[in-house]
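S.K.: These are the residues of each chain, in order.
Protein chains: 2
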Amino acid sequence: MKEFELIKRFFENKGPKRKDVLLGVGDDCAIVHSPAERDLVVSCDTLVEGVHFLADMPPEALAHKAVAANLSDLAAMGAEPAWMTLALTMPRVDEDWLEGFSQGIASICEYYRVQLIGGDTCRGEQLSMSITVHGHLPRGKGLRRSGAKAGDNVYVTGYLGDSALGLMHILGESSLNEKAAELALQRHYYPTPRVFAGQVLRDIANACMDLSDGLSSDLGHMLERSGVGAVIEVDQLPLSENLVESVGREHAIEMALAGGEDYELLFTVPQSQTGVLDLALKEAGVKFSRIGQIKSSPELNYRLDGKAWRSQAKGYQHFE
Amino acid sequence: MKEFELIKRFFENKGPKRKDVLLGVGDDCAIVHSPAERDLVVSCDTLVEGVHFLADMPPEALAHKAVAANLSDLAAMGAEPAWMTLALTMPRVDEDWLEGFSQGIASICEYYRVQLIGGDTCRGEQLSMSITVHGHLPRGKGLRRSGAKAGDNVYVTGYLGDSALGLMHILGESSLNEKAAELALQRHYYPTPRVFAGQVLRDIANACMDLSDGLSSDLGHMLERSGVGAVIEVDQLPLSENLVESVGREHAIEMALAGGEDYELLFTVPQSQTGVLDLALKEAGVKFSRIGQIKSSPELNYRLDGKAWRSQAKGYQHFE
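Chains as they are written, first to last, in UniProt numbering: chain A, 1 to 320; chain B, 1 to 320.
No lab work stands behind these hints, which were simulated from the structure alone.
By construction, the Cβ of each residue, glycine as well, lies at the ideal position given by its N, Cα and C atoms.
Incorrect hints may appear among the rest.
To be verified - A short list of chain A residues far from chain B (calculated; beta carbon distances all over 12 Å):
#1 Leu23
#2 Gln103
#3 Ser175
#4 Ser272
Unchecked claim - In silico negatives: residues of chain A with every beta carbon more than 12 Å from chain B:
#5 Phe4
#6 Ile108
#7 Ile117
#8 Leu143
#9 Ile170
#10 Leu176
#11 Tyr190
#12 Ser240
#13 Thr274
#14 Lys282
#15 Ser296
#16 Lys307
#17 Ala308
What the hints assert, rightly or not - Going by beta-carbon spacing under 8 Å, a handful of chain A positions derived as facing chain B:
#18 Leu22
#19 Asp28
#20 His33
#21 Ser34
#22 Ala36
#23 Asp39
#24 Asp45
#25 Leu74
#26 Met77
#27 Thr89
#28 Gly119
#29 Gln126
#30 Ser128
#31 Arg145
#32 Asp210
Using the sequences provided together with the hints, build the complete structure.
M.R.: If you want it as structure tokens, here you go:
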């Protein structure tokens, strides 16, 4: 199968059609309309086989995760998703795999009303995919990781560490029962980008980012960009019953701090906005937990039951 | 060196700063303003080592070519370049290589006023890069490859086949003298995207695309998308003196038809606009040649000195 047939068969005319797309896949470029009164938001993320995922990951899950990781970046800014491009590099044309993968792309794109507007498909030794997503924001309302202020409360959405548990299971490093494995795999393969929560937080949070490399590493970046520090109460970390029962509380805390790919939001809110936050996120049906506080001194400290606690957590680092 | 240090050192605060970029590299997303009265144009292209370029390609040239290939897609629509994202996958951190590569990116971005607004850097076995470029157009003025009409004259800018000659030299498949090799390598390593010519053609051409896979293959796509055919006079193909002297006329014609990566524009213009075309492109100082005519019958035929001519040319195909 030639590249052009492949694109036509698997990637043209799949997923939603948006009114703001004038020309989609198939020409030298796509042509879109970005609304005049809104900011345009752009982000880019790559997944590489053997680095971000293992060779036997089901293609539907891989497609979901690749798009979800990108939508999670949009969510972290508070943006509404709109369009994406996909650069796909493959060692060979496997039609069954492509069928599953393109179906996975179409499915998550349909759910979030994201249109695939272009891309590139080429041969390479290692399977990899780069996605660039585009979204919109009311002017000047983008949430940045650099806005955390001393005194802000620190929050995360959802639960942390479950994706890492799923990875442990895949790597054969855990002995989970069937039900526990299924729950963890679901969280590892099908993360939920917090698109709606991000939009709700636009007028409430001082800083926001998504958790992809692990809380300790990601929070470190937020603190550095904001020029502040934080105290994190590790007993307040949201741990699922499944995680605690599977690995014990202490190990669960480490996994919540170091485990990547949760794709939850990490955000800080000034004391004055905590009531508004409670009302807004509860109305939106989003679970969230206060896990600590921003400090002016630029250090990241952990506490357990009021005492200092040393974490081994580093988070994922490329090239280390 | 960690990923975040690498991005800071090589990719943050390099190249031009545009006023329409509110937030560049360093957060979850970039934030930009797309002008209200203009269409936004998006394209995406990947280069993989061993597929699109050889391991010893100088990093400055590679950076130039990766960006130029993408700007060439914008040029084919008639768009003005604005922003890009870069997803870079590398087997290891080679600081000398990164210094050259990031300098090459900054240099071409400076020339075309393109701002690098985001990206991703990760580890992978094979060096590869995916770039997504963004540009702008007056509303509804985008040039498409699907607009060719029977009776249109077919044109190309510049010269064809020189990039292929450069590749032959690199592969040791030619015995060029020093001067010839230098000229051919320059064309192979440092293609010029026809950004200005594309903008001039917006109100003149019926169809336009850029030549990346080779004229015969690319023209085939234009004809298919437009539902028409063409006759190409191969004696009218623009061949550089260097190419003809290096490989002879017949071989030069085949290289002009099959050789990829010329990044010239292929476009069709109705008979009524030929005067306007002459004036406009001449004023812009762009070399262009009429190479044939669009026909209603959906076939692609070649003629040499008035007689049918059979080409071996297929153009580059992934996965074949």
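S.K.: Each hint: holds or not?
M.R.: Hints, verified against the model:
For leucine 23 of chain A, the condition that its CB be more than 12 Å from all CB atoms of chain B is violated, with the nearest at approximately 7 Å. Every CB of chain B is more than 12 Å from the CB of glutamine 103 of chain A (nearest about 20 Å), matching its label as outside the interface. Residue-level check passed: serine 175 of chain A sits 30 Å from the nearest beta carbon of chain B, beyond 12 Å. Against the 12 Å criterion, serine 272 of chain A stays outside the reach of chain B, whose nearest CB is about 24 Å from its own CB.
For phenylalanine 4 of chain A, the requirement that its beta carbon stay farther than 12 Å from each beta carbon of chain B is not met, with the minimum near 7 Å. Every CB of chain B lies more than 12 Å from the CB of isoleucine 108 of chain A, the least distance being 18 Å, so the non-interface label holds. Listed as a non-interface residue, isoleucine 117 of chain A fails to keep its Cβ farther than 12 Å from every Cβ of chain B; the least gap is roughly 6 Å. With a least CB separation of 8 Å from chain B, leucine 143 of chain A falls inside the 12 Å interface cut-off, contrary to its annotation.
Distance check on isoleucine 170 of chain A: its Cβ is at least 19 Å (rounded) from any Cβ of chain B, clearing the 12 Å threshold; non-interface status holds. For leucine 176 of chain A, the condition that its CB be more than 12 Å from all CB atoms of chain B holds, with the nearest at approximately 29 Å. For tyrosine 190 of chain A, the non-interface assignment is confirmed: its Cβ lies about 21 Å from the closest Cβ of chain B, beyond the 12 Å cut-off. Annotated as non-interface, serine 240 of chain A keeps its C-beta farther than 12 Å from every C-beta of chain B; the closest such distance is 25 Å.
Non-interface status of threonine 274 of chain A relative to chain B is upheld: no Cβ of that chain comes within 12 Å, the nearest being about 23 Å off. With a least beta-carbon separation of about 25 Å from chain B, lysine 282 of chain A lies farther than 12 Å from that chain, consistent with its non-interface assignment. No Cβ of chain B comes within 12 Å of the Cβ of serine 296 of chain A; the nearest lies about 22 Å off, and the non-interface call holds. The claim that lysine 307 of chain A lies off the interface holds: its Cβ sits roughly 30 Å from the closest Cβ of chain B, which is beyond the 12 Å cut-off.
Distance to chain B confirms alanine 308 of chain A as a non-interface residue, since its nearest Cβ pair spans about 26 Å, more than 12 Å. Proximity of leucine 22 of chain A to chain B holds as hinted, the smallest CB-CB distance being about 7 Å (cut-off 8 Å). Because the beta carbon of aspartate 28 of chain A sits about 4 Å from the nearest beta carbon in chain B, less than 8 Å, this interface hint is met. Taken as an interface hint, histidine 33 of chain A checks out: its beta carbon lies about 7 Å from the nearest beta carbon of chain B, inside 8 Å.
At about 4 Å, the closest approach between the beta carbon of serine 34 of chain A and any beta carbon in chain B falls short of 8 Å, and the interface hint on this residue holds. The beta carbon of alanine 36 of chain A is positioned within 8 Å of a beta carbon in chain B (closest approach about 3 Å), and the interface hint is therefore held. Interface restraint check: aspartate 39 of chain A against chain B, minimum CB-CB distance 5 Å, threshold 8 Å, status holds. With its C-beta approaching chain B no nearer than about 5 Å, aspartate 45 of chain A sits inside the 8 Å limit, and its interface hint holds.
Interface hint status for leucine 74 of chain A: upheld, as the beta-carbon distance to the closest one in chain B is roughly 6 Å, under 8 Å. At about 5 Å, the closest approach between the beta carbon of methionine 77 of chain A and any beta carbon in chain B falls short of 8 Å, and the interface hint on this residue holds. The criterion of a C-beta within 8 Å of any C-beta in chain B is met by threonine 89 of chain A, whose closest approach is roughly 6 Å, and the hint holds. For the restraint placing glycine 119 of chain A at the interface with chain B, the shortest Cβ-Cβ distance is roughly 5 Å, inside the 8 Å limit, so the hint holds.
Restraint check, glutamine 126 of chain A versus chain B: the minimum CB separation of about 5 Å is within 8 Å; hint holds. Evaluation of the serine 128 of chain A hint against chain B yields a held restraint, the C-beta minimum of about 6 Å falling below 8 Å. Restraint check, arginine 145 of chain A versus chain B: the minimum CB separation of about 6 Å is within 8 Å; hint holds. Because the closest C-beta pair between aspartate 210 of chain A and chain B is about 6 Å apart, less than 8 Å, the hint holds.
Of the hints listed earlier, those the structure fails to meet are numbers 1, 5, 7 and 8, in rising order.
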